[in-house]
Every structure is written in C-alpha cells, then in structure tokens.
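**Student:** Following the hints, position chain X against chain W.
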Amino acid sequence: MMRPKSTMELVPGDDETYYLNMGPQHPSTHGVLRLRLHLEGERILGAEPVIGYGHRAHEKMAENRDYLQFLPNTSRIDYLSGMIYNLGYCQAIEKAMQIEVPERAEYIRVICAELNRLTSHLLWLGTYLLDLGGFTPFLYAFDDREKLLDILDSVTGSRLTYCYGRFGGVSMDVDDTFLRAAADYCTYFRKRLDEYHALVTHNIIFRHRTKGVGVMGPELALDYGVSGPCLRAAGVARDLRKDEPYGIYDRFAFDIVTAEGGDCFARHMVRMGEMEQSLNIIEQAVGGIPDGPVLAPKVPKRIRPPAGEHYFAVESARGHFGMYLRSDGTDVPVRLKLRTPSFVHVATMPVVLPGTMLADTVAILGSIDIVIPEIDR
Amino acid sequence: MFRETLIGAWSLLVGMKVTLSHILRAPVTSQYPRERIEMSKAYRNVIRLIEIEEIGSHDCIDCQACVRVCPSDCINVEGERPDGMRKKRATLFEVEFALCSECGLCLDVCPTNTLGYSREYDQAGFRRDDFLYDLLDEWRDKEEGVRTRLREEEAQKAATKAAAASKVTAARKAKDEAAAKEEGPAAAGDAGNSAAEGEA
Chain W
-19 MMRPKSTMEL
-9 VPGDDETYYL
1 NMGPQHPSTH
11 GVLRLRLHLE
21 GERILGAEPV
31 IGYGHRAHEK
41 MAENRDYLQF
51 LPNTSRIDYL
61 SGMIYNLGYC
71 QAIEKAMQIE
81 VPERAEYIRV
91 ICAELNRLTS
101 HLLWLGTYLL
111 DLGGFTPFLY
121 AFDDREKLLD
131 ILDSVTGSRL
141 TYCYGRFGGV
151 SMDVDDTFLR
161 AAADYCTYFR
171 KRLDEYHALV
181 THNIIFRHRT
191 KGVGVMGPEL
201 ALDYGVSGPC
211 LRAAGVARDL
221 RKDEPYGIYD
231 RFAFDIVTAE
241 GGDCFARHMV
251 RMGEMEQSLN
261 IIEQAVGGIP
271 DGPVLAPKVP
281 KRIRPPAGEH
291 YFAVESARGH
301 FGMYLRSDGT
311 DVPVRLKLRT
321 PSFVHVATMP
331 VVLPGTMLAD
341 TVAILGSIDI
351 VIPEIDR
Chain X
24 MFRETLIGAW
34 SLLVGMKVTL
44 SHILRAPVTS
54 QYPRERIEMS
64 KAYRNVIRLI
74 EIEEIGSHDC
84 IDCQACVRVC
94 PSDCINVEGE
104 RPDGMRKKRA
114 TLFEVEFALC
124 SECGLCLDVC
134 PTNTLGYSRE
144 YDQAGFRRDD
154 FLYDLLDEWR
164 DKEEGVRTRL
174 REEEAQKAAT
184 KAAAASKVTA
194 ARKAKDEAAA
204 KEEGPAAAGD
214 AGNSAAEGEA
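Chains as they are written, first to last, in my numbering: chain W, -19 to 357; chain X, 24 to 223.
So here's chain X without its partners, still in its complex pose:
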C-alpha cells in the first residue's frame, strides 16, 4: 500500500513535469476575430467563376455538367446563344451555398475549367438568401465587351474557314472538270476524298 502511494505520487510528479515544461512554450491559440488566418492553397468554399485568359472573363458555356453532377442540387445555370455566336454564354449562375457540401465534383466535370473556389471563410448570415450566391455578379459589366470580341473572333474564324472552304470547292470544281474530260465516274470518288481531306 505504501509502495503504491509512492509510485502514485511519483507518477503525478512526472506528469507535472510535462505540464510545467509546457508553461514556457508559446501559446498555440490564434486570436481569430482579431487575427486573420491564412487559408490553405487547396481550401474549398463556395465556388466562383474564374477568369480564363483567352476570354478575358469567365468561360461558362451553360453545358449543365455541374448542375447534373451536383449531389446537393444547389447549382442553377441558365444560358443563351448570343446573336451571331455559335458558343453559348451563361446568363444566370446561382449557387445556394446553404445546401452545398463542398465536395468539388463540379470542378472536376467543368469542361472549360472556369470553376474555382472562393477564398472567403467566415460567411455568416441571418437569412437563407444570404447564402444565395450570384456568381455572374462580378463579370456582368464586362459581359457586353466580351461578347462583342468573341463575336468578332468567331466571325473572323468563320471567314477564314469560308475562304478555305471556297478554295477547296474551286479546286474540286477544277479537278472535276479535268476528270470529266479524261475519264468517267471512277475519278469522281477520288475527288470526293480530296475534298474531305481539305475540310479536315
């Protein structure tokens, strides 16, 4: 019994030595509201549309891939095909963050890689609407300019393509005529093939 008391007292002293050695160490608590914490590089929060360099804005093409993959059903995207453009542009991108579980599946499926994470971390609200994020908000002023530029680019592309196509048609015509002069239907097939190559 006496032995056990001694061992017990010794064990408490050993424990006290550990706690005493901690007294001199710097405190580990960060004083949160007064001290901002740097979030990690991979930090996940509400999604946002990030800038794609070639576009000069976001590149959401309203493909609905994120809407379909979302397990919480919290993304709502609408889009339109602007006049004179082949590509679609998003006109509405809403995220109901209160439902989001931050799984990141939407980022995985985005074909244009225009989704990223926001760096905020202390969102708090009093109403449900406070968590309804309009992701297009920061891009809206630029949208008209972006569309004009994209339209021009597309038109230019279409023009070069049309020029190339007309060249091919001209070549085909010439070849057809030459073939018609020389031989019958067998050569027509070859002409078709070369036209296909030209388009490719």
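Excised from the complex, chain W in its bound form:
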C-alpha cells in the first residue's frame, strides 16, 4: 500500500519551504474543504486535506428516526446526484425486507437515476472548466443541466432534493409528456456532446492543463478504494451497474467507459463517455417502459427489516455508494453506515498532489469531482 510521505511537520531552520492553507473558503473546493499544503516555491511537497466543515451527522440522524423519516436525508448526502442516493436507499431497504417493486417503477427509477447522473456530470463539466478559467462552457453546461432539472422537476416536484423514491416503488407516476421530454433530450444532447468535444476536449489549452496532471494509477486507485469515473479513468473497468447489477440494469445494453492514463484528461473523457452511455440507457428504458402500478401493493406499514446485517451498493455519479445497515428488528436502525466515494477520493490527495504545481491543485481537485457534504455526511 502506498502511503503519503509525512512532510507536514515543521522543520526548524528550514526557511526555503512554507505552509499554505487552501480553503476552507476557496472557490475551487465547491464547498468547505481545507487543504493544508507544504510548498517549496510553487511546488507541492505535501498535502493534507482537513475535512469536517460541512458535517451534519446524517448517520447519527438515521439512528434517531424510523426508516421512512430518513428518506429526505438521502438526497442531501450528495446533493448533485440525490436521486441515485434516494433510490439506492429505497432499494437497500427493499432488499432487506424482500419487497417486490413493480416493473414500471423499476423503469422509472432507471430513467430518473440516469437523468440525474447527466445533471451531475454536466455540473461537473461546467464548474471544472470554470476552475480552469473557461467561462463559456460553464454557461452552456448549466443551460443543458437546467433543461434536465425541469424534466425531473415535472415529475418529482423538486430540482435537487428529490425524495422521489418510496419503499416498493416511486411516489408519483410519470406521464407521456415526461417520457417524450426525456427521449427528446437524448436526441438534443447528443448534438450538444459534439459541441462540448469541439469546445473543450479538443481545446489545446485544456489539453495542456489536464494531460499528465494528477496521475492516479490503477494500483493507487485500487489501494485506496477509488471508484466511479476516477477508477475507470485509471483503466480499471468496474461499474456496479454492470458488475453487480441492481434494479433492472442487467436489461440494458451499455458499455463501461474506461480511459488510459489516470490523469485529469482521462477523467474528463470517462465522464463525457458516461454521459453518452446514460443517453443510451434512457432511450432503451423510455422505449421499453410497461404500463402498470408504480408502488407495490403490499408494503408493510411499519418498516422493520429483519434483525441482522444488510449491505447494498449502487453506482452513483461519483462512484461506489454503499449502505451498511444493522437492524435489530425494530423500526429504527441500530447503525446505518454510508460509504461515500468522495471521502475516499479526497483521501488520495496526499499521494497525488506532492510533486505537482500549486496551480495544478485546482485542476486535480476539480477533476476528482468531490462533493463536500458527501465527504462529511
């Protein structure tokens, strides 16, 4: 296992190096993350992330309320892919209690989760380019994201904190307008993807700032438990939707997008490719959605998963989101441990950052797509 070299201790008599606090209030951290950097000129010798500024004790809250009451919390852990977390939590409880979900609800879940993945990647694209100094793609990406949020809003009634899933299905049925809007968006967005590639991917300045920067090799990624686009950018083809299919993901044809190099550019390419795969999934799901109820008819009024340990994981926009549940058979969990990807990704920073330049810190931190509340939950 690679361990970060400890360079954070002050060395007496060392006048050449200095320490710098990046954050907690820094625009590129998209929240409150503090990086303690040890610098020699502009070269980074050591880095230490300091977390906890956005801690809201979600896991503790889960122990103080019943299973249903924890639902609104789930879309607030990672506010950018709240739908995936929300539906993932529902699926975890359904798996523990063996509740059957109607077909139509499963299709709706897939469509909504993939639309949400698109919004998350689009926001990443916009803000990442903004971090690197490109303002135009940011506006385009946010415009596209806003269109998606309108589609999701029309069925869930909310832009970010959806709370759409229910144990045994979803809270509201979708209509044809929604399905048509989702399908139309796919056609529209394919054209837009080409524009993004022309504007961003092929841009020489972007390439120079991201190629070979912030390399996270497969060995390091696997050692630390990195998942999602960051892992796939290191060349490891792992996607929970394919490897451990949950819901009805095994019915759709899509590829695991990987890239070589593990640098910021590879992570960009993986996310761009994933958006395209999400469009494929949405189109297939919209084409195959059956009629029927959206909520299981026989869901117990009191949610009491059987005593014991339950584990369930979904592929969020950022990676492997796992829920480890310990139940004693009552309607309040004993423990609900949330394994969130950003927490792991930010832990690699002490290894990835040393040796790079200070200006690259922003590029590297942005490319791993961290969401602060998800680190702290």
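Be a bit skeptical, because a hint or two may be false.
Not the full set, but computed from the structure, chain X residues with beta-carbon under 7 Å of chain W [said to hold, decoys possible]:
#1 G31
#2 S34
#3 V37
#4 G38
#5 V41
#6 V51
#7 S53
#8 Q54
#9 P56
#10 Y66
#11 R91
#12 P94
#13 S124
Quick partial rundown of chain W residues pointing at chain X, CB under 8 Å, derived from the structure [as the list claims (entries may be wrong)]:
#14 S134
#15 G137
#16 L140
Calculated from the structure, these hints are not laboratory results.
The structure displayed is predicted, hence computed values, not measured ones.
Virtual Cβ for every residue (Gly too), placed ideally from N, Cα, C.
**Tutor:** Chain X only, in chain W's frame:
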C-alpha cells in the same frame, strides 16, 4: 513545435465556431422578478389543506398521522369533536415552514387526502414568524356552515341506521317469539345470526 502551434490554433478556431454559432440563438435566461415562472405540476412547497368536494371544505379529522410521520417535526395539529358529531374537526393546523424539508411524506399518509401543495414560490421573510403558516386560515369562515351540514348529515345517517336497527330488532323479536313457541334454545342461536347479518 510548429505543428503543435498550428493544431492549437485550429482547436481554438473550432471552439470559436461553437461560441459564434451561439450568438444568434435566443437568450435562455428568464428575467425572473419581471417575468413569472410557471411552476411544474408536481411542484412541492408548503403544504395546504385542499377542498374535498363532498365536504365543501377541507377534511382534516385531526388523526395526527402527518404529525407523527414528519421527520422535521414541523406540523402541529389540534382538533375537537364538535357537539353532536362523531367525526373530529381540526381547530388548529400550523406548519413551521422554516423547518420543513418538503419531503411529501405527510401527503402520503393523509387518510382523507386533504393535503396538497401550495403554488407559491418566492416566500421570503424577515422574521421566523413569517414562515409559520396557519393552514386553517382560508377555511375558517366556512367552518360553522360545514359543521352544521355535517351534523345534519350525520344525524340523518344515524336516523336511517336507527330505523334499520329497530326493524331488525322487531324482526328478531317476532322470530324469537315464533321460535319460543315451536322449539327450545337451538333456534335462539339462529336468530342471533340473522340479527348480525341485518346489522352488517
């Protein structure tokens, strides 16, 4: 090196072509305060009591289901059983919207489906009290009339029920008498059964 400069310059030109093509497109920003935005059909905001047709008003029966399910503990409901009525009516329905997370669980559990969402969207306030919503406010003028009508309906229902019940009692009495004349205790059980059927 020269090659890279050329490729770089070309990539910038390609990017410029994309941005230039956007110049001619209509602006996507809506001028919010001057231009009102239509909220979606499913839009979630502060809850309100919606009209139930048969009642002519809201149908909150003070069952406390929403109060119990609310994760944020922001709903406060009190109610009373009006004189001469079997059903309860709410006398207080307060929502502290500043605490609400708009999860919609209260709508799911409402047994009379009398909860809905408000269509407002630009609530802003300077004090905490500005977010304390009294949901009964819009229904208060109607309440007396509704109660009188409900009371009458209930009384009517009770009267028909009583009439039906007295019929059953009369029938049972007649049967009992007939059975007593013919045979012993075995027939009494049958009479009991038919009475139960009548009530059902």
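**Student:** For which of the previously enumerated hints does the structure constitute a violation, in increasing order of number?
**Tutor:** Result: hints 7, 8, 9, 11, 16 break, sorted rising.
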